[in-house]
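Starting from the structure of chain A, add chain B where the hints point.
Protein sequence lines, in the order shown, are assigned to chains A and B. For the first sequence, counting from 1, position 255 maps to 255 in UniProt numbering; every step adds exactly one. For the second sequence, counting from 1, position 167 maps to 167 in UniProt numbering; every step adds exactly one.
Just so you know, the hints here were simulated from the structure itself, not pulled from any lab data. Among the clues, some could well be false.
Said to hold, decoys possible - Computed cross-link-like contacts, BS3-like style, restricted to lysine-lysine with a CA-CA straight-line distance of at most 30 Å:
#1 K48/A / K184/B
#2 K48/A / K199/B
#3 K273/A / K228/B
#4 K48/A / K122/B
#5 K184/B / K305/A
#6 K139/B / K107/B
#7 K199/B / K111/A
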Amino acid sequence: MASSTELLYSEEHNLVRKMAYDFTRNEVMPIIAEHDRKHTFPFELLPKMAQLGFLGICLPVCYGGAGMDFLSLGIVSEALEYGDSSVRETVAVHLALHALPIFQWGTEEQKETFLPGLACGDHVACFGLTEPGAGSDVAAIQTRAVSEGGDYILTGEKMWITLADVADRFLVFAKTQPDQGARGITAFILERGWQGLTTGTLEGKMGVRASNTGWINMQDVRVPAGHRLGEEGEGFKIAMSCLDNARFGVAAGSVGIIRACIDESVKYALQRKTFGKPIAEHQLVQQMIAQMQQDLDIGELLVWKAGTLKNQGVRNTRETSMAKWFCTEAARRAADNAVQVHGAYGYSDEYNVERHLRNTKSAVIYEGTSQIHTLMQAAYTLGMREDRPLRCPMPAYDPDSWQ
Amino acid sequence: MNVAVLIKQTPDTAELPRVTVAEAQSGQLQATMVINPWDEFAVEEAIDLSDRFGCETVAISMGREGETDALKHALAMGVDSAVHVDERVIDGGDEWATAEALAAAVKKVDTGEEVELVLAGKMSVDGNSSVIYAGVACKLGWDLLVNVTRIVDIVDGKLIAEQAFEGGQETVEVPLPVVISVAKEINEPRYPSFMGIRKASRASIPTLGRDDLEIRPSSTTRWTDLNKPEPEDVQVRIFDGASVEEKVAQLADALMAEKVI
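Next comes chain A alone, as it looks inside the complex (with noise of 0.2 Å):
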C-alpha cells in the first residue's frame, strides 16, 4: 500500500527513495557512528556513491550524470540524512554548490570541460565562499582577484569549507572591483596541486563530525580566465543561487532526520516501560511525537513544492528559503524531543539521535542562518524583496534531453 508521501511522487521518485534509503540502511549506517566518534571523513562510500550516479544525479546524462531530476536530488538528500548529516553534506556541497553552478552558469567548454569528472567522482569539489570575517555578510569578503596577463592572481582564505581538506576542485568566490561591494565579487574554479593553494582540517566540531570541515589558504594562485565561472562582478548572484541549489538538499535532508527520530522514537517508546506500561502511552511522550510528525508531514511538502518549482524552471528563492528554514528548525525540534523521548539513553551515542541532536544544530547555522531566513521571508512578504530575473537561469528538468 502507497504511504501519502509516495503518492506525491512518481513511481521513478519511489524507485529512487527505495535504492536511496537501503544505500543508507546498508552502507551509512553500520559505519557512520564510529566515523562520528573518530571524526574521521567516510572516504569508502564516495566510490559507492560514485557508482551509483548520487554525485552528478541531476546533471544531464551528456555531461556525465545521471539525467535525474530535482525532486531525485531532494529524495537522495533525504534518504542519506536518514542516517547521518555529514553524507548528505559531500553530495550537497559537491553536487549542489559546485557541478550545479557549473551546469548553470558555465560555458559550454566548461560544463564539457569539468562536469563529466565531478559526475563520475573522479574528482571531489566544495564551495569557498565564508571567510574568518565575512559569513552571512558576503559582500564583506576579502579575498582579492587581480588580473594579470590574462590570468587572475588569488590571495585570501575561506573558513568553514566543507569538504575544504578532501576536495581537489575549490569553487571560490574573490573581489575583482573592491569598491564595488557584492557587485565587484567574481566566481572562479581552482584545482588542488596550485601552486600557493593550501588547506587544513578544523578541528573540535560540536556536530557533523564524519564530514570534513575546513580552510582554504590562497597566496598568489594564479587562475587562469578559462577558470573563471560567470563574467567578472558576477560572483554574488553566482553565490546566491548556490545557495538555491543546496539549501534544497539541507532541506530534503532535515526532513531525513525528522523521519530517523520519528522511527527511532517510536521504535524505543513502544519498549521502553515505566510506572508499568510502555512509554509510549503517556501523553506527554505522544505530544513529542506527534510534534515530529506535524514537522515531517509539513517538511515534506515544502520540499515537494521546491523541488517541483526547479524541475520547472521557475525562479525559487523564496520556497527553497522557507524549506530550509522550516525543515532545519524542524529537525533541530525533532532531535531535541526524541534525546528525550529516549531519556538518559539519548543522551549517549549508543543511539543515534543523539548525533542528529549535535547534526541539527549546525543545519540552523550554515547555508543562510535561520535568523537570515527569517529576514527573508519578512522582505518577500512585506514587499521589500524581489528576485530579478538572472542572465543565466537554471534551466527547467526536460527529461528527453536531459536523459
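Okay, now just chain B, sitting in the frame of chain A:
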C-alpha cells in the same frame, strides 16, 4: 539459453512482526512490500549470467492484481523483462498449485529462446516454505540444484555449479534445463541504477491469467488454522565483573545452567 528468475513480493522484514493474522488471511497486508530479500541474490545471478553468456533474463512473480513492486525492482536492477502471474490462477491454492502456475509461466514467457535455467532464492521471508522451486522443477520435469553458491560455467548444454551442504561443498554438473535455488554466498546484489529505475518505471508488465496458462491447479493442503506465536518475554542480564575474563566466565556458567551449551 535464457534465464527466468522467480521472485516474490514480501513484507519488509522490519515490518513482518506487525503483520496481523487477519492481514495474512485476507492477503491485504498493510506492510511495505518489497522484493523477497533472498530473491535478490537470484536476480543478481541472472543479471550476471546475462553479462557472462549473453542470455535474456525474465523475472516472474505471482501476486495480486497490480502487485508489481518486486518485479519493478528486478527490472531496475537490470533484468531484461518481467511477467506478472495473477494469483487468482491458483484460487487461494497452496505451494504445489503455486509451483504449477509458475512452471506454466516459465513455459509461456517469450524471451526469444527457450528458458533453460530457472533461478530462485532459497526461501521467502514470509511463507518460509522453501519448496516452491522444488515444485517448479517437478512440474517442469527438470533437474534441481539447491543452495548453489557459484555457477562455474555453462558449456555444451551443461551447467557446472558449486553447492553447499552442511559441513562441505561440492561441484556438480547437470544437463540443461535445470532449476536452481541460490544461497546468499553466491553474490552481492547490486543496487538499482538510475538508468534501470527509469526503465522500470516506464515498463509495462504483462499479466498472465488462467486462460493464458491453460492450467487448473489443484491444492493438496489448506490452512485450517492460523495464529501468531506470543512474543517471547526476553530477559536481559548484564554480568558485572572486574575483567572481561570474569564476565565471560559468568556468561558461560549461565549458558550452561540454561543448557544452551
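We went through each hint and held it up to the structure:
A threshold of 30 Å between alpha carbons decides the hint, and for K48/A with K184/B the separation of about 21 Å falls inside it, so the pair holds. About 22 Å separates the Cα atoms of K48/A and K199/B, which keeps this hinted pair within 30 Å; it holds. Of the pairs offered as hints, the one joining K273/A and K228/B holds, with about 23 Å between alpha carbons and a cut-off of 30 Å not exceeded. With a CA separation close to 28 Å, the supplied pair K48/A and K122/B stays within the 30 Å bound.
Of the pairs offered as hints, the one joining K184/B and K305/A is violated, with about 42 Å between alpha carbons and a cut-off of 30 Å exceeded. Proximity of K139/B to K107/B is assessed by CA-CA distance (about 11 Å); at most 30 Å being required, the pair is judged to hold. The suggested pairing of K199/B with K111/A holds, with an alpha-carbon distance near 27 Å, which does not exceed 30 Å.
When held up to the earlier numbered hints, the structure conflicts with hint 5 and nothing else.
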